[in-house]
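Asks: We have chain A already, so just place chain B on it with the hints.
Listed in order, the protein sequences are those of chains A and B. Using this note's numbering, the first residue of the first sequence is number 67, and each one after it goes up by one. Using this note's numbering, the first residue of the second sequence is number 270, and each one after it goes up by one.
Read the hints as simulated data drawn from the structure, not as lab findings. Note that the coordinates shown come from a computational prediction; the quantities given were computed from them, not determined experimentally. Be aware that one or more of the hints could be misleading.
Simulated pairs of lysine-lysine, BS3-like, Cα-Cα distance not exceeding 30 Å [unchecked claim]:
{"no.": "1", "chain 1": "B", "residue 1": "Lys504", "chain 2": "A", "residue 2": "Lys407"}
{"no.": "2", "chain 1": "B", "residue 1": "Lys504", "chain 2": "B", "residue 2": "Lys566"}
{"no.": "3", "chain 1": "B", "residue 1": "Lys429", "chain 2": "A", "residue 2": "Lys389"}
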Amino acid sequence: MYKSESLRGRKVILHDMTLRDGMHAKREQISLEQMVRIATALDGAGVPYLQVTHGAGLGGNSEQHGRAPHSNEAYLEAVVPHLTQAKASVLLIPGLGTMRELDAAHACGARSVHCATHCTEADTARQHIAHGRALGMDTSGFLMMAHLNSPAGLAEQARLMESYGAHTVYVTDSAGALLPHEVSERIQALRDALAPETEIGFHGHHNMGLGIANSLAAIAAGASRIDVSSAGLGAGAGNTPLEVFVAVCDRLGIDTGCDLFPLMDLAEEVIWPLMDHMVRIDRDALTLGFAGVYSTFLLHAKKASARTGVPARDILVELGRRKMIGGQEDMIEDTALSLAKERRLTA
Amino acid sequence: MSKIKCALIGSGNIGTDLIYKLRRSPLLEPVWMVGIDAASDGLARARALGLKVTDQGIDGLLPHLAEDGIQIAFDATSAYAHAENSRKLTERGVLTIDLTPAAIGPLCVPPVNLRDHAARLEMNVNMISCAGQATIPMVYAVSRLQTVAYAEIIASLSSKSVGPGTRANLDEFTYTTSHALEQVGGARQGKAIAIINPAEPPMIMRNTVYCRTDAAPRRQEITDSVLAMIAEVQKYVPGYRLVNGPVFEDNRVAIYLEVAGLGDYLPRYAGNLDIMTAAATRTAELFAQEILAGALKLQPVKVA
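Bound-form chain A, shown alone:
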């Protein structure tokens, strides 16, 4: 997948997801104190960007995506004053979040934004990417569920995001479904299509155990930004685990600018103890990767399973068959109810 000589000396910018994707793994329940403690440790260990919002980003507080104890603005206002070098970022999914909310986040100190669309719908983020740039923010386009588009199709969408003003375009493996060679093909297609100054990012999920391997494949194919999370705290089986990835990068001579031991301590002493469930590749998380289903659906499917008696794996497989995408969390209970009716599990 890569030659180690080709990686030695490469610089990679890590973007931490613990306080955004990690919110999903905590059913959005992370306190202000926990946020500040984690952000301070990440900042101290040299992580250059950390995302701080509801798991679904700006506008995420909802029936659909769950409610956090605080607003996105309150989280940002608590965290930003503690950062000495890191920049705070936010997630914005058009159709859910709006430019007004981006203005509010910027006013609270956010200086970077992931503008996310499904991997075929880049043109819904035109205004938002342009607005991020107008605010002077580090602006990324974030092509979610990237396994559902071909390398050439993804490159076409990436070019749109670049044309709207994105500094970076991400290949986002929301389902943790991509295999290393599929990551390589997609990153390579973007590298060939985009201007040399446009950066390429990779956001992985560990549902098939490939978070680290896929991130390395991405770097080898030309990516220079990698999303990571402390102890992998994130949706599904979590994201590429930060401290593990930094250790691997140190061994390969990839320059992340991050300090390994403090990141190990953060994972061990803070993140593992706060997990409500072990973020790992259990049967249902593996189903996400195998069936190509949005990682955030995991805990919703477990809840719908408890309600209807339909096994979570069956619900997830059916959602994959129906080609449901990120943001369609309402279709989880709906699908479970329909399956229960078919199986005569309900009265």
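Replies: Structure of chain B alone, referenced to chain A:
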């Protein structure tokens, strides 16, 4: 019986689908279609179906309004273009049904408040959004029984049914629909979420409605009210149906809907198109009845 002559402004998905809806109407006759792109599929269809067409935008239509007796115009352009279109039409005494998110005029959801608007003889009414038309009747079906603190709707649209105008202005869609959930739906706070899904074959439009009631939901009454309202919407959108629910959990009421279209301009999956064009047609028909009965006389209105 004579029909009221209509103009369609905008030759995209909505404007083109409206041709088919109006041709079926006993009260309305589509006479003109206005576009800005001579090569658009919508203008070609309009021409083939016998409409007069212009690719010169609203100004290509204005000189013909009087001689062709146009009394109602449907604006399916964009929120940005609508303000100017509305001004020009209103000062010439043409009643405008606004299908953009501009929402200059009062918001209209036929089974909830159409009769009120017709009684007030409005010159411009706004149809909110496809998601608004699909979900506000359900919010109202709950709020007419007991107070709703919060209503949230999720509209899932097939990628092929969402045109460039909507894609470029998703925020407008969000703001207008959220506001209408409050103003017309009767919720104290509203939130609208849109999802665009590219699955093949395309998914039929889905809508989920969540209402948070102040007091414990009166389950049987809410279920009856929801079913009655679905029957009302089915009168103009036959493919509107309840898939699951109402599901009650604490003070949350969840209603899962599907909207299939008639398959006029786009195939049946594009229920989002139909619910908008059918609601606009129904709205125009009620005004047309008033005009034909002599109760509503359209007058030029100077707009400041």
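Asks: Looking back at the numbered hints, which does the structure fail to meet, lowest number first?
Replies: Result: no hint breaks.
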